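Protein chains: 2
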Amino acid sequence: MSSVLIVGSTALDSIKTPKAENPRLLGGSASHAAVAASLFAPVRLVGIVGEDFPKKYLALYERHAIDLGGLQIRPGKTFHWAGEYEVNMNNRRTLTTELGVFETFKPDLPDAYRDTPFVLLANIGPDLQHHVLDQMKRPKLVFADTMDLWINIALPSLVRLLKRLDGFVLNDSEARALTGEDNLLSGLKRLHGMGPRYVIIKLGSHGSILSGPGGLFLCPAYPLAKVVDPTGAGDSFVGGMMGYLATARGGVERNLREAMILGSVTASFCCEGFGLNRTDKIRRSDVSKRVAELRRMTKF
Amino acid sequence: MSSVLIVGSTALDSIKTPKAENPRLLGGSASHAAVAASLFAPVRLVGIVGEDFPKKYLALYERHAIDLGGLQIRPGKTFHWAGEYEVNMNNRRTLTTELGVFETFKPDLPDAYRDTPFVLLANIGPDLQHHVLDQMKRPKLVFADTMDLWINIALPSLVRLLKRLDGFVLNDSEARALTGEDNLLSGLKRLHGMGPRYVIIKLGSHGSILSGPGGLFLCPAYPLAKVVDPTGAGDSFVGGMMGYLATARGGVERNLREAMILGSVTASFCCEGFGLNRTDKIRRSDVSKRVAELRRMTKF
Chain P
2 MSSVLIVGST ALDSIKTPKA ENPRLLGGSA SHAAVAASLF APVRLVGIVG EDFPKKYLAL
62 YERHAIDLGG LQIRPGKTFH WAGEYEVNMN NRRTLTTELG VFETFKPDLP DAYRDTPFVL
122 LANIGPDLQH HVLDQMKRPK LVFADTMDLW INIALPSLVR LLKRLDGFVL NDSEARALTG
182 EDNLLSGLKR LHGMGPRYVI IKLGSHGSIL SGPGGLFLCP AYPLAKVVDP TGAGDSFVGG
242 MMGYLATARG GVERNLREAM ILGSVTASFC CEGFGLNRTD KIRRSDVSKR VAELRRMTKF
Chain V
2 MSSVLIVGST ALDSIKTPKA ENPRLLGGSA SHAAVAASLF APVRLVGIVG EDFPKKYLAL
62 YERHAIDLGG LQIRPGKTFH WAGEYEVNMN NRRTLTTELG VFETFKPDLP DAYRDTPFVL
122 LANIGPDLQH HVLDQMKRPK LVFADTMDLW INIALPSLVR LLKRLDGFVL NDSEARALTG
182 EDNLLSGLKR LHGMGPRYVI IKLGSHGSIL SGPGGLFLCP AYPLAKVVDP TGAGDSFVGG
242 MMGYLATARG GVERNLREAM ILGSVTASFC CEGFGLNRTD KIRRSDVSKR VAELRRMTKF
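Chains as they are written, first to last, in the working numbering: chain P, 2 to 301; chain V, 2 to 301.
Please keep in mind that the hints were generated in silico from the structure rather than gathered at the bench.
Bear in mind the structure is a predicted one, so any value in this text is a computation, not a measurement.
Honestly, I wouldn't trust all of these hints.
Covered stretches of chain V, as calculated for chain P (at least 3 residues, CB under 8 angstroms) [what the hints assert, rightly or not]:
#, region
1, 174-185
2, 212-225
3, 254-264
Computed footprint of chain V on chain P, listed as stretches where at least three residues anywhere in the stretch have a Cβ under 8 angstroms from a Cβ of chain V [claimed, not checked]:
#, region
4, 176-189
5, 222-235
6, 257-265
A virtual CB, placed ideally from N, CA and C, is assigned to each residue, including glycine.
Input sequences plus hints: build the corresponding full structure.
So, in structure tokens, the structure goes:
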């Protein structure tokens, strides 16, 4: 069973919704992606936290057998993000961003990490994504995620990164911002032209769409009766997807659809609790059950 | 092969998009639904137009073998709607609404229409939907569509209508307005409680979701490289769906998913031309081809 190396943010999130307020949850793109991926494969985490990082969160990573050899613990404060969701959960606004030790983050990978076959560059600045990729020895599969911020402030670096990827994942508004195309299919075409063979556009509660050599795949989202906190859903999606790809036999082309479905279902659990509260508790069998339901809900 | 009776608006639409302006196209919920349904089943149209209604549009209905015994032609002007779409086509605003002869519309159905087994109450005021339903003799299946306007100005009549329906179709923002539920699944539950056994929430370019005795069905939309004019897409969807149900063997429960897929694909063609320009030109084989593609795009 191959491992997945995941680099991204490791943070404390303070999240306000119309119904509740939760300070200093475990958050960050790498945390969500790593716990999701750990359902399917061994995970190596690359990130940085401060000395204030709660021991219970280290224990959480360890409970999921996440290798912390690449997690730096440095003097100073852990990256802290505070945000607030509106009633319909599709709109959120940032209240605070305190970078803390993240400002000095420039990871040197442990030697043992450098030949990890599957690499997920979860959402983080593209310069750091390059820096990690520079240290890898011929990985088998490299996927990256991003966010609007990097399109706005680090576009040239992101554009260079795209040429180094097998797959690129972003949401619909980011695809529009990056390509200038309002139509999703036109956007996908443009994104292929920028490098990656696989492009996945995330559509929130409407699922996602893959474009690749095997054509389009419309990946559904598992419908939820209650969304508690969607933070990290996109990270859980790519994490679960990469975790499954690392363990599946027969190559990406054959397994990517199933991998997206598993990622999508993992993301549905993420939305049912604050931070990682719900994802932390699920087992592979919980995922399988929802995949079976999703199969029934989409059959025609 | 059973017929479908369709009542709704028969109108002239003047549609502006960022790229073009098209005055006095054939439009209205019943026109779109009838032409879509005619791909699958014989259609009986109930509507009203003025003396200004272009002969070429009567010829268009007739080309699709739509029975016009229930289409009144009255002195005065045809209902005229003018609207404008923004760049992303998800937002439109109404520029003009001239009711014309529609103000006096109160159809008496031809005797031959009263035992039509399949009834589609396309979008029109709920009082008129009741009035038509009152004249029907034990129809086999009754579905209705609606719009935000009726939720705002004719709610009690709409609520009474819901108790008389087998199926109810509306879009997500209408479902939120009608039920007060932001969550789709909660909204579906509430809507069942108001009467109909089948509830379908339309999600525009994201497809639709059915809730019924057989559980949920997530119906995808066929992805389009270019959307010319989405007016009437929802009407084409329900029209195509009802047309297929009228011809399929084995009952609603068995055929509704396939019917939604066919409606969804028919709606995709509608979006590719102004008014009915594209829908008018397609054949059943064009629909089948896209259904096969959609099957490939959703398989996992």
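_Enumerated hints in conflict with the structure, sorted upward_ = Per hint list: zero violations.
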